[in-house]
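Novice: Given the sequences, and given the hints that come with them, work out the whole structure.
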Amino acid sequence: MLQTEQLTINIGPQHPSAHGGLHVEAVLDGEMVTDAIVHLGYVHRSVEKIAENRTYAQYVPYTARLDYLATHLSVMGYVQAVEKLADIEVPERAEYIRVIMGELSRIASHQLCIGSMAIDIGATTGLLYCMRDRERIMDMFEMTSGQRLLSSYMCIGGIAEELPEEFFPAVHSFLQDLPSMIKEYEGLLFGNEILQARLKGIGKLSAQDALSYGVTGPNLRACGVNYDIRKIEPYGIYDRFDFKVPVGSNGDAWDRLMVRKEEIVQSGSIIQQALEQMPEGAVRSKVPRVLKPEKGREVYHRIEGAKGDLGYYIVSDGGEKPYRLHVRAPSFINLMVLPLISIGGLLQDIIVNIATLDPVLGEADR
Amino acid sequence: MNTMQTVMEDIQKTWGDQVEVLEDKYFDMIKVPAPILPELFQKLNREHGFNYLANLTAVDYKDRFELVYHIYSMPDNRKLAVKADLDHDNPAAPSAITIWPTADWQERELFDLMGIRFEGHPNLKRILLPDEFEGHPLRKDF
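Same order as they appear, the protein sequences are chains A and B. Position 7 of the first sequence, counted from 1, bears residue number 7 in my numbering, the numbering being contiguous throughout. Position 138 of the second sequence, counted from 1, bears residue number 138 in my numbering, the numbering being contiguous throughout.
Hints may contain errors.
Derived lysine-lysine pairs resembling BS3-like cross-links, with alpha carbons at most 25 angstroms apart [said to hold, decoys possible]:
hint, chain 1, residue 1, chain 2, residue 2
1, A, 49, B, 125
2, A, 292, B, 140
3, A, 321, A, 295
4, B, 62, B, 43
5, A, 321, B, 62
6, A, 183, A, 261
7, A, 286, B, 25
8, B, 140, A, 321
Derived from the structure by calculation, the hints contain no laboratory data. Please read all numbers here as calculations on a predicted model, not as lab measurements.
Specialist: In structure tokens, the structure reads:
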């Protein structure tokens, strides 16, 4: 047999489909991937060390910069963890507003995942449609906090401020248009034969591998495992909503995308229910200006983030700053299976695998 | 189905005084000597359905390091926190990678940022910081 030389190709960190600083060293035999080595750390800002030098309230904006594509969910995990640590009650209305903002974040994140996947494989229009619709969510975020992307709208003990009046017509019209958006994505993207050929059967992950590598979120559910923390271990008020957990069956790139598409619909339904059930009242409870949780207490709190199981581990030494804070970032753990699902495939499929695993590097590198 | 009580009883029966049960508001929590971790994990995984190591991290208490494992059982929806103290001068623990492959990068992260060695890890290299970086930033004396 003719011996050919192995070729190493670096994908990223400076590459549009590297999703913000991911570096994959792909070892190729012809066009076939024989090894894929993931290099992380290009967006490392040592947020865990920073936490040890900030008060609990000062740290909120840093969490918004973890998963900056679903900023409200990142913040929600942190403020709920601190509330657990210091036994702080949150007013009813604030809980509902948190759910609404969190689920809007999830929709925005999934829309961006679908859109960026589309442009990564050459379907530019797909990105534009998704971005157009996501922009309406960004407008709502801007109304509530003045920030489109990195809004630290939630705070320890509730919400920074009551929702503005103009928010309600915007969210109602968005929910009304949601089914037609999905229909448009289906017509433009998912119904496209070329796109299907690029995704179906690509990057297959078995349920067994997904579980042992700790993959969570839509990527795990695409393998057919029904595991959603909102259902399994409801936090906040998630036990009050009626929604389905979409699962796939093959664990391939196509299923990962389909699960996200269905989750957008379910999130829409949760927001609708939250808007109907939401009571009047205060949005913020009284929290001491300087928070000092009891010495020796610790908490591990996890929520269903847009990318998976997002956990915060906080240890208090009785001072005004966390003694230790650790973020269990779903993007970081999910990326561990990238070599596993890419080896044996083609170079072009690595791009599809990165896009459908949907990592956000702000969270993976921390 | 094993209840959490039978799991705890089984652990205490097997390792007796080596297991210290800690009080926590949200978790069943135990502290064990680091050398028994592999056997304990094996038992939890094989016999009690703890199939998901959600979180692995460590805390620097200046005189010792404390490893913390947050382990879940997906089929039974149960959770357990396992802690182990490590020597501050030469922190090392057995790797959990053969039981839960998800420990791979989490152990590399702890090696990188906290300077804890995991024995039996096949590829214990820095993961977030450059290879030539000196020191371990999450240590309190950094």
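Novice: For every hint, state whether the structure bears it out.
Specialist: Structure-based check of all given hints:
no.	hint	result
1	A/49 <-> B/125	20 angstroms, holds
2	A/292 <-> B/140	20 angstroms, holds
3	A/321 <-> A/295	11 angstroms, holds
4	B/62 <-> B/43	31 angstroms, violated
5	A/321 <-> B/62	17 angstroms, holds
6	A/183 <-> A/261	10 angstroms, holds
7	A/286 <-> B/25	23 angstroms, holds
8	B/140 <-> A/321	14 angstroms, holds
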